[in-house]
Amino acid sequence: MSFNILVVDDSLPMRKVIKKTIMASGFAMAEYNEAGDGTEALAILREKWIDIVVTDYNMPGMNGLELVNEMKKDDLLKSVPVIVITTEGSKTRIDEFREKGVSGYIKKPFTPEEIRTVLHEILGEPHDDKGYESSDDDVDF
Amino acid sequence: MMIKDMKAAMTTSISDVLETMFYMPLEFEDTGDPESRGIFDTGDLRVCKLDFKGSMSGYLVMMIPETLLVSMAVDFMGEERENIVRMHTDGIIKEVVNMVLGHMLSNIDEKNDFHLGIPQILEDRSIVQGIRKQLPECCVFAESIEGLLLSALVLDE
Chain A
1 MSFNILVVDD SLPMRKVIKK TIMASGFAMA EYNEAGDGTE ALAILREKWI
51 DIVVTDYNMP GMNGLELVNE MKKDDLLKSV PVIVITTEGS KTRIDEFREK
101 GVSGYIKKPF TPEEIRTVLH EILGEPHDDK GYESSDDDVD F
Chain B
1 MMIKDMKAAM TTSISDVLET MFYMPLEFED TGDPESRGIF DTGDLRVCKL
51 DFKGSMSGYL VMMIPETLLV SMAVDFMGEE RENIVRMHTD GIIKEVVNMV
101 LGHMLSNIDE KNDFHLGIPQ ILEDRSIVQG IRKQLPECCV FAESIEGLLL
151 SALVLDE
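Here the protein sequences line up with chains A and B, keeping their order.
Quick note on our numbering: the first sequence kicks off at 1 and runs consecutively.
Quick note on our numbering: the second sequence kicks off at 1 and runs consecutively.
What the hints contain is simulated information worked out from the structure, not anything from laboratory work.
For each residue, glycine too, the CB sits at the ideal point set by N, CA and C.
A few of these clues could be false.
One-sided and incomplete, this derived list gives chain A residues near chain B with beta-carbon spacing under 8 Å [as the list claims (entries may be wrong)]: (1) Asn33; (2) Glu34; (3) Pro60; (4) Lys91; (5) Arg98; (6) Lys100; (7) Ser103; (8) Gly104; (9) Lys108; (10) Pro109.
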């Protein structure tokens, strides 16, 4: 099975690294989408079928948790799994993620293996060792 | 918290972030070494500041030469050097500051929550001049193969 993935981060370099990491994890991406903040992400989510969202927490405009809040209010989006990537790893913050129904979180700095582990927990074992075949990017992890 | 504990947390954080995500080994410099201060004369120095609030408040400022940021962007993004533009290096320094501060604050006080602002690139050099004149107590110089970087934590009074 292949997945439509949405990566949300205000940092272009970080979006690129997350994309490469997901590709290197062996998950088949049917379609890769990206957004620079929560507002842009919501627009994409309301337009396209997305199987999983990987979002940064700290972004200008709508942050990652506010994005989750908005998704939970929407019947069509509330069951879409969300992974939050954050530098802020306090117990309070992690508890807040759990309460809001976040499917997984990854603390920065992260290794490719950490992203792979969380994706496995949510999506199951990858079935495509080549990842997203239509990308021109090199995967060098 | 003692300043020496905060410096230790900052050193660990810089090391963890740059080694984990940028594969960059570092050596940490004694801030008393006058040679280290040559970083302030670097022509292409990029400066980024990030405010934070919580059980303590203040800001972290990091100074990294543009040439070093270009190398970091090459390693991080897997792009060719000639394809790296200012938008990429600005993104890299903002991400480094965000990760270093978030990681450091989590290590200092794991139970309490801190609110981080949005990293800002500083074109105005007044903060740099202030730090050059009087190094903050919590200040770390780190040396990579391609140059020095400086990180300073300034707490609100």
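Cross-check of the supplied hints:
no. : hint   : in the structure
1   : Asn33  : 19 Å, violated
2   : Glu34  : 13 Å, violated
3   : Pro60  : 5 Å, holds
4   : Lys91  : 6 Å, holds
5   : Arg98  : 14 Å, violated
6   : Lys100 : 14 Å, violated
7   : Ser103 : 21 Å, violated
8   : Gly104 : 18 Å, violated
9   : Lys108 : 5 Å, holds
10  : Pro109 : 4 Å, holds
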